[in-house]
Amino acid sequence: MRRLIEKGLMFGNLMHVGSPALIERYNRALVHLTGKRTGLDDFHVDISGYSPEIGDEFGDHLYLNENGVNRQFILLSPDQKRCPLLNAGFSTSRQILRAFIDENESRLFALTATDAVAGELVNSVFDLSSPARLFDIRKITVEADTPGGTLRHAQELAGLIDRFRTEDDAWFDDELIARMTDLAGRTGDITRNPVKLTFAAVDQRNFWTAHFGGLYV
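Quick note, the sequence shown lines up with residues 25 to 241 if you use our numbering.
Simulated from the structure, these hints should not be mistaken for lab results. By construction, the Cβ of each residue, glycine as well, lies at the ideal position given by its N, Cα and C atoms. Not one of these hints is a red herring.
Each computed DSSO-like pair below joins lysine-lysine, with the alpha-carbon atoms no more than 27 Å apart:
(1) LYS105 <-> LYS60
(2) LYS220 <-> LYS163
(3) LYS105 <-> LYS163
(4) LYS105 <-> LYS220
Ranges of calculated distance between the beta carbons of each label pair, as one might list FRET restraints:
(5) ALA234 <-> VAL55: 23 to 29 Å
(6) ASN37 <-> PRO155: 29 to 35 Å
(7) SER130 <-> ILE201: 26 to 32 Å
(8) GLY36 <-> GLY238: 19 to 25 Å
(9) LEU239 <-> ALA137: 40 to 46 Å
(10) LYS60 <-> ALA234: 22 to 28 Å
(11) ASP65 <-> THR222: 31 to 37 Å
Input sequences plus hints: build the corresponding full structure.
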(Lines of atoms letter the chains of each structure in order from A and count residues from 1; the text may use other names and numbers.)
(Lines give C-alpha, C1' and ligand atoms only; values in the text may rest on other atoms or scores of the structure.)
Protein backbone atom coordinates (compact mmCIF):
# COMPACT_ATOMS: atom_id res chain seq x y z
CA MET A 1 0.00 0.00 0.00
CA ARG A 2 2.81 2.43 0.85
CA ARG A 3 4.27 2.32 -2.67
CA LEU A 4 0.84 2.83 -4.22
CA ILE A 5 0.26 5.89 -2.02
CA GLU A 6 3.73 7.29 -2.75
CA LYS A 7 3.13 6.99 -6.52
CA GLY A 8 -0.31 8.56 -6.25
CA LEU A 9 -2.02 5.37 -7.39
CA MET A 10 -3.94 4.96 -4.14
CA PHE A 11 -5.47 7.75 -2.07
CA GLY A 12 -4.10 10.44 -4.40
CA ASN A 13 -3.17 13.98 -3.38
CA LEU A 14 -2.33 13.22 0.26
CA MET A 15 0.28 15.27 2.14
CA HIS A 16 3.54 13.50 2.96
CA VAL A 17 4.80 13.72 6.55
CA GLY A 18 8.44 12.70 6.85
CA SER A 19 10.37 15.16 9.00
CA PRO A 20 11.01 14.28 12.66
CA ALA A 21 9.63 17.66 13.76
CA LEU A 22 6.30 17.17 11.97
CA ILE A 23 6.00 13.58 13.19
CA GLU A 24 6.56 14.69 16.79
CA ARG A 25 3.91 17.42 16.40
CA TYR A 26 1.53 14.86 14.94
CA ASN A 27 2.19 12.49 17.84
CA ARG A 28 1.54 15.22 20.41
CA ALA A 29 -1.82 15.92 18.78
CA LEU A 30 -2.55 12.20 18.41
CA VAL A 31 -1.89 11.57 22.11
CA HIS A 32 -4.05 14.58 22.96
CA LEU A 33 -6.99 13.21 20.93
CA THR A 34 -6.64 9.44 21.26
CA GLY A 35 -3.91 8.59 23.77
CA LYS A 36 -1.95 6.79 21.02
CA ARG A 37 1.35 7.42 19.23
CA THR A 38 2.58 6.28 15.85
CA GLY A 39 5.95 4.59 15.49
CA LEU A 40 6.14 5.26 11.75
CA ASP A 41 8.94 7.49 10.47
CA ASP A 42 6.94 8.70 7.47
CA PHE A 43 3.32 8.58 6.35
CA HIS A 44 0.66 10.49 4.41
CA VAL A 45 -2.34 12.42 5.72
CA ASP A 46 -5.62 13.69 4.30
CA ILE A 47 -7.30 17.03 5.05
CA SER A 48 -8.26 15.78 8.53
CA GLY A 49 -4.83 14.37 9.38
CA TYR A 50 -6.03 10.79 9.00
CA SER A 51 -3.28 8.51 7.67
CA PRO A 52 -4.08 5.17 5.99
CA GLU A 53 -0.62 3.91 6.99
CA ILE A 54 -1.28 4.74 10.65
CA GLY A 55 -4.71 3.15 10.34
CA ASP A 56 -2.97 -0.05 9.25
CA GLU A 57 -0.45 0.28 12.09
CA PHE A 58 -3.23 0.63 14.68
CA GLY A 59 -5.54 -1.87 13.01
CA ASP A 60 -8.14 0.88 13.27
CA HIS A 61 -8.98 3.12 10.32
CA LEU A 62 -11.45 5.06 12.47
CA TYR A 63 -8.81 6.20 14.96
CA LEU A 64 -9.79 9.84 14.28
CA ASN A 65 -13.46 9.09 13.73
CA GLU A 66 -14.68 6.98 16.64
CA ASN A 67 -18.32 5.95 16.16
CA GLY A 68 -18.15 7.70 12.79
CA VAL A 69 -19.96 10.80 14.05
CA ASN A 70 -17.78 13.63 15.44
CA ARG A 71 -14.77 13.67 13.13
CA GLN A 72 -11.51 14.62 14.84
CA PHE A 73 -8.69 16.27 12.93
CA ILE A 74 -4.99 17.08 13.13
CA LEU A 75 -3.61 19.97 11.08
CA LEU A 76 0.13 20.16 10.45
CA SER A 77 -0.16 22.75 7.69
CA PRO A 78 -2.89 24.78 5.96
CA ASP A 79 -1.73 22.99 2.80
CA GLN A 80 -3.84 20.04 3.93
CA LYS A 81 -6.85 21.93 2.60
CA ARG A 82 -5.98 20.62 -0.87
CA CYS A 83 -6.18 16.99 0.26
CA PRO A 84 -9.23 14.74 0.04
CA LEU A 85 -11.10 13.41 3.07
CA LEU A 86 -10.83 9.65 3.35
CA ASN A 87 -13.36 7.41 5.11
CA ALA A 88 -15.89 10.25 5.12
CA GLY A 89 -18.97 9.42 7.15
CA PHE A 90 -20.82 12.53 5.95
CA SER A 91 -20.76 14.34 2.62
CA THR A 92 -20.40 17.77 4.27
CA SER A 93 -17.36 17.03 6.46
CA ARG A 94 -14.67 17.94 3.93
CA GLN A 95 -16.49 21.12 2.93
CA ILE A 96 -16.67 22.22 6.57
CA LEU A 97 -13.00 21.46 7.22
CA ARG A 98 -11.95 23.29 4.04
CA ALA A 99 -14.02 26.35 4.97
CA PHE A 100 -12.53 26.36 8.49
CA ILE A 101 -8.98 26.26 7.11
CA ASP A 102 -9.71 28.95 4.51
CA GLU A 103 -11.24 31.29 7.10
CA ASN A 104 -8.32 30.88 9.53
CA GLU A 105 -5.47 30.24 7.11
CA SER A 106 -3.07 32.96 8.29
CA ARG A 107 -3.63 32.09 11.96
CA LEU A 108 -3.29 28.36 11.29
CA PHE A 109 -0.08 29.07 9.40
CA ALA A 110 1.32 30.85 12.47
CA LEU A 111 0.17 28.13 14.89
CA THR A 112 1.42 25.21 12.78
CA ALA A 113 4.85 26.82 12.44
CA THR A 114 5.62 25.43 15.91
CA ASP A 115 2.86 22.94 16.76
CA ALA A 116 -0.05 20.95 15.39
CA VAL A 117 -3.67 22.03 15.70
CA ALA A 118 -6.03 19.33 16.94
CA GLY A 119 -9.79 19.54 16.92
CA GLU A 120 -13.18 18.05 16.24
CA LEU A 121 -16.29 18.61 14.13
CA VAL A 122 -18.85 18.63 16.92
CA ASN A 123 -22.58 18.08 16.83
CA SER A 124 -25.12 17.03 19.46
CA VAL A 125 -25.10 13.37 18.39
CA PHE A 126 -22.38 11.11 19.77
CA ASP A 127 -23.62 7.77 18.49
CA LEU A 128 -25.90 6.55 15.74
CA SER A 129 -27.79 3.72 17.37
CA SER A 130 -30.58 4.03 14.80
CA PRO A 131 -31.21 5.89 11.51
CA ALA A 132 -33.65 8.18 13.34
CA ARG A 133 -30.68 9.74 15.16
CA LEU A 134 -29.56 11.27 11.87
CA PHE A 135 -32.43 13.76 12.13
CA ASP A 136 -30.93 15.05 15.40
CA ILE A 137 -27.85 16.32 13.56
CA ARG A 138 -28.64 20.00 13.05
CA LYS A 139 -25.51 22.13 13.54
CA ILE A 140 -21.80 21.41 13.21
CA THR A 141 -19.27 23.49 15.13
CA VAL A 142 -15.49 23.31 14.97
CA GLU A 143 -13.48 23.10 18.20
CA ALA A 144 -9.71 23.37 17.89
CA ASP A 145 -6.55 24.15 19.85
CA THR A 146 -2.92 23.13 19.96
CA PRO A 147 -2.05 20.16 22.20
CA GLY A 148 -0.36 22.63 24.54
CA GLY A 149 -3.50 24.78 24.80
CA THR A 150 -2.21 27.91 23.04
CA LEU A 151 -5.70 29.20 22.24
CA ARG A 152 -7.03 28.39 25.71
CA HIS A 153 -4.10 30.22 27.28
CA ALA A 154 -4.55 33.18 24.92
CA GLN A 155 -8.20 33.47 25.96
CA GLU A 156 -7.22 33.39 29.63
CA LEU A 157 -4.51 35.99 29.04
CA ALA A 158 -6.97 38.29 27.26
CA GLY A 159 -9.24 38.14 30.30
CA LEU A 160 -6.35 38.91 32.66
CA ILE A 161 -5.27 41.85 30.49
CA ASP A 162 -8.79 43.28 30.77
CA ARG A 163 -8.61 42.89 34.55
CA PHE A 164 -5.20 44.55 34.64
CA ARG A 165 -6.49 47.51 32.65
CA THR A 166 -9.73 48.00 34.57
CA GLU A 167 -9.01 47.09 38.21
CA ASP A 168 -7.57 49.94 40.29
CA ASP A 169 -5.21 47.78 42.36
CA ALA A 170 -4.03 45.49 39.52
CA TRP A 171 -0.56 47.07 39.50
CA PHE A 172 -0.04 45.67 43.00
CA ASP A 173 -1.41 42.18 42.31
CA ASP A 174 1.76 40.08 42.07
CA GLU A 175 -0.14 36.85 41.36
CA LEU A 176 -2.03 38.45 38.46
CA ILE A 177 1.16 39.87 36.94
CA ALA A 178 3.03 36.57 37.36
CA ARG A 179 0.23 34.64 35.68
CA MET A 180 0.11 37.13 32.79
CA THR A 181 3.87 36.85 32.34
CA ASP A 182 3.71 33.06 32.34
CA LEU A 183 0.89 32.97 29.78
CA ALA A 184 2.53 35.58 27.56
CA GLY A 185 5.61 33.37 27.41
CA ARG A 186 3.44 30.60 25.96
CA THR A 187 1.24 32.63 23.61
CA GLY A 188 3.34 35.63 22.58
CA ASP A 189 2.02 39.20 22.46
CA ILE A 190 -1.70 38.72 21.84
CA THR A 191 -2.30 42.49 21.85
CA ARG A 192 -0.26 42.77 18.63
CA ASN A 193 -0.91 39.29 17.24
CA PRO A 194 -4.29 38.00 18.46
CA VAL A 195 -4.42 34.21 18.73
CA LYS A 196 -7.99 33.20 17.97
CA LEU A 197 -9.68 30.88 15.50
CA THR A 198 -13.11 31.83 14.20
CA PHE A 199 -15.79 29.78 12.49
CA ALA A 200 -19.57 30.01 12.57
CA ALA A 201 -21.68 26.94 13.25
CA VAL A 202 -22.86 25.25 10.06
CA ASP A 203 -26.45 24.13 9.59
CA GLN A 204 -26.53 20.48 8.60
CA ARG A 205 -29.49 20.38 6.25
CA ASN A 206 -29.27 18.02 3.29
CA PHE A 207 -26.45 15.50 3.44
CA TRP A 208 -25.40 12.00 2.51
CA THR A 209 -24.03 9.59 5.11
CA ALA A 210 -22.15 6.33 4.74
CA HIS A 211 -23.89 4.97 7.84
CA PHE A 212 -26.55 2.27 7.57
CA GLY A 213 -25.34 1.29 4.11
CA GLY A 214 -25.65 4.84 2.74
CA LEU A 215 -28.52 7.27 3.27
CA TYR A 216 -29.49 10.71 2.00
CA VAL A 217 -31.11 13.00 4.57
